[in-house]
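Protein chains: 2
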Amino acid sequence: MTDALHPFDRALALEADAQYPDLFHGATSADYWNMVGPFGGITAAVMLQAVLRHPQLLGSPLSLTVNFAAAIEAGAFSIEATPVRTNRSTQHWMLQLSQTDANGERQVTSTGTAVTALRRETWSNVDLQHPSAPAPAECEPMNTSGKGVAWVGQYEMRAISGAFPTKWDGSGEHSRTQLWLRDAGQRPLDFPSLAAMSDIFYPRVWLRRATPVPAGTVSITTYFHTDAEQLAEVGDGYLLGEARGQAFRNGYFDQSAELWSEAGELLATSNQIVYYKQ
Amino acid sequence: MTDALHPFDRALALEADAQYPDLFHGATSADYWNMVGPFGGITAAVMLQAVLRHPQLLGSPLSLTVNFAAAIEAGAFSIEATPVRTNRSTQHWMLQLSQTDANGERQVTSTGTAVTALRRETWSNVDLQHPSAPAPAECEPMNTSGKGVAWVGQYEMRAISGAFPTKWDGSGEHSRTQLWLRDAGQRPLDFPSLAAMSDIFYPRVWLRRATPVPAGTVSITTYFHTDAEQLAEVGDGYLLGEARGQAFRNGYFDQSAELWSEAGELLATSNQIVYYKQ
Numbered sequence: 001m002t003d004a005l006h007p008f009d010r011a012l013a014l015e016a017d018a019q020y021p022d023l024f025h026g027a028t029s030a031d032y033w034n035m036v037g038p039f040g041g042i043t044a045a046v047m048l049q050a051v052l053r054h055p056q057l058l059g060s061p062l063s064l065t066v067n068f069a070a071a072i073e074a075g076a077f078s079i080e081a082t083p084v085r086t087n088r089s090t091q092h093w094m095l096q097l098s099q100t101d102a103n104g105e106r107q108v109t110s111t112g113t114a115v116t117a118l119r120r121e122t123w124s125n126v127d128l129q130h131p132s133a134p135a136p137a138e139c140e141p142m143n144t145s146g147k148g149v150a151w152v153g154q155y156e157m158r159a160i161s162g163a164f165p166t167k168w169d170g171s172g173e174h175s176r177t178q179l180w181l182r183d184a185g186q187r188p189l190d191f192p193s194l195a196a197m198s199d200i201f202y203p204r205v206w207l208r209r210a211t212p213v214p215a216g217t218v219s220i221t222t223y224f225h226t227d228a229e230q231l232a233e234v235g236d237g238y239l240l241g242e243a244r245g246q247a248f249r250n251g252y253f254d255q256s257a258e259l260w261s262e263a264g265e266l267l268a269t270s271n272q273i274v275y276y277k278q
Numbered sequence: 001m002t003d004a005l006h007p008f009d010r011a012l013a014l015e016a017d018a019q020y021p022d023l024f025h026g027a028t029s030a031d032y033w034n035m036v037g038p039f040g041g042i043t044a045a046v047m048l049q050a051v052l053r054h055p056q057l058l059g060s061p062l063s064l065t066v067n068f069a070a071a072i073e074a075g076a077f078s079i080e081a082t083p084v085r086t087n088r089s090t091q092h093w094m095l096q097l098s099q100t101d102a103n104g105e106r107q108v109t110s111t112g113t114a115v116t117a118l119r120r121e122t123w124s125n126v127d128l129q130h131p132s133a134p135a136p137a138e139c140e141p142m143n144t145s146g147k148g149v150a151w152v153g154q155y156e157m158r159a160i161s162g163a164f165p166t167k168w169d170g171s172g173e174h175s176r177t178q179l180w181l182r183d184a185g186q187r188p189l190d191f192p193s194l195a196a197m198s199d200i201f202y203p204r205v206w207l208r209r210a211t212p213v214p215a216g217t218v219s220i221t222t223y224f225h226t227d228a229e230q231l232a233e234v235g236d237g238y239l240l241g242e243a244r245g246q247a248f249r250n251g252y253f254d255q256s257a258e259l260w261s262e263a264g265e266l267l268a269t270s271n272q273i274v275y276y277k278q
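Residue numbers (full-length UniProt numbering), protein chains in the order written: chain P, 1 to 278; chain S, 1 to 278.
Derived by calculation from the structure, the hints in this document are not laboratory data.
Beta carbons are placed, not taken as given, at the ideal position from N, Cα and C, and that holds for glycine.
There could be a bad hint or two in this list.
[As the list claims (entries may be wrong)] Pair ranges (Cβ atoms, derived): (1) Pro-188(P) x Asp-227(S): 27 to 33 Å; (2) Pro-188(P) x Val-149(S): 43 to 49 Å; (3) Ala-16(S) x Val-149(P): 40 to 46 Å; (4) Pro-21(S) x Asn-87(P): 30 to 36 Å; (5) Glu-173(P) x Ala-18(S): 55 to 61 Å; (6) Ala-228(S) x Gln-19(P): 43 to 49 Å; (7) Pro-21(S) x Ala-228(P): 41 to 47 Å; (8) Ala-135(P) x Ala-13(S): 57 to 63 Å; (9) Pro-188(P) x Asn-87(S): 45 to 51 Å; (10) Arg-106(S) x His-174(P): 47 to 53 Å; (11) Ser-124(S) x Pro-131(P): 24 to 30 Å; (12) Pro-188(P) x Gln-186(S): 52 to 58 Å.
[What the hints assert, rightly or not] Reference listing, derived: stretches of chain P covered by chain S, where coverage requires no fewer than 3 residues with Cβ under 8 Å from a Cβ of chain S: (13) 59–73; (14) 92–98; (15) 115–128; (16) 214–227; (17) 242–255; (18) 260–272.
Next comes chain P alone, as it looks inside the complex (with noise of 0.2 Å):
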């Protein structure tokens, strides 16, 4: 019965190959759709997700980068997620996703790379200045369902500041959103859903600009900071999103974000490069 699943778990569901021990196949979710394909957060999440069902897997997710290479049409897809080197605490993976096009030819839609370690416990601390917000509750949610598109209503957000414009009238001044979101439907957190979390931010350049220009995904790295044991801890709770932009310069720029627990540990840090437009 698929239909007690949780939409992410659903969305994340891949049959692993009868032959090929790399190769696993999917199909894309209604439910994560973004304007033109799926949303890029649960494309990360499917491509790691890849790697945690690989039989040969040594450890947990450190590193993620996604590159949006072409739309992904609905429809079925496969995913290839090859160990190319084994050591003794760390595993590296080369990632690709295809499609079948209607000339029968295999086509590239997405690539990647992935580290997956084995954590030892050491000296840890956290450099970076945790963002002061009010909790969850004093902050109203964002309406996210009339967007026009199926996975935001996948997420329940909070914005604390940068809420998504509704003035597009070129008066933005920064590009910095802070926010708390979690899954719409209750769901404990674990690496794909961090990843997935880790796009939640809309193009930096609508804010900055007040200006809604064709913007999307090219690139995506994350990189995880946590551990099942403190993924266990945070469960279904909140988390706390900050983005910004830094560099837009012709046609691209680049946002950086963190993922924060309730309780303050920063769980993710990530960066993305986007296409703009004008």
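Starting from the known structure of chain P, arrange chain S on it as the hints suggest.
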């Protein structure tokens, strides 16, 4: 006569394979040797150079991720740079650097992805605050010859703050370094040298703890915000570099960095995840 070449150009020399257009052959450089292998920056640079040498190249570098999967031995290597997807204005690359081991088997030592792109003039803006710094001439040159590793001597570095610790007494309080840098031997800036310089900052954990624990980059991602025209304006001038650690946890930390021109333009932003012990 290769004697007339800059050490960086000698390190980047690649021979196109006679048979496979995606394959290039090179060799490690003693000039950029680190403790147990090449300086990570030179490896990133030569992997980008394979992209730039490829006959099917579209545009100029936008993003580069390099994963350091295994130690590179002194000697010959091959780089496979495959343009897996070419769009109208972006091109997606998968990268592998490999060496043949003593048993004649091919071993992948480094993996990566890159995106190259055609850029068009658009609204542009830098949201990151430009660091205020005294002029290069007012900053002491760091003694880069006595660190026991060759690559450091290939750069002129002038510390503004966060210089290499002089006392390993556990007294560290922050992880931020600002410095002026350029090639020790004059050489006009280009994309490969920008890729290399993005990795110039010594491990932040050493500064943060004033303790020389074993540490090494696992993965680096650099976003390029510049073009050939701007690079030509920079020429062999100084770059203003800044880097700081973010989260240090159980054996891995991330550090973010920026490289600015002396004229104040943001040329590259870079992030890496680094292994450390203890």
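So which of the earlier hints does this model not fit? 1 and 9
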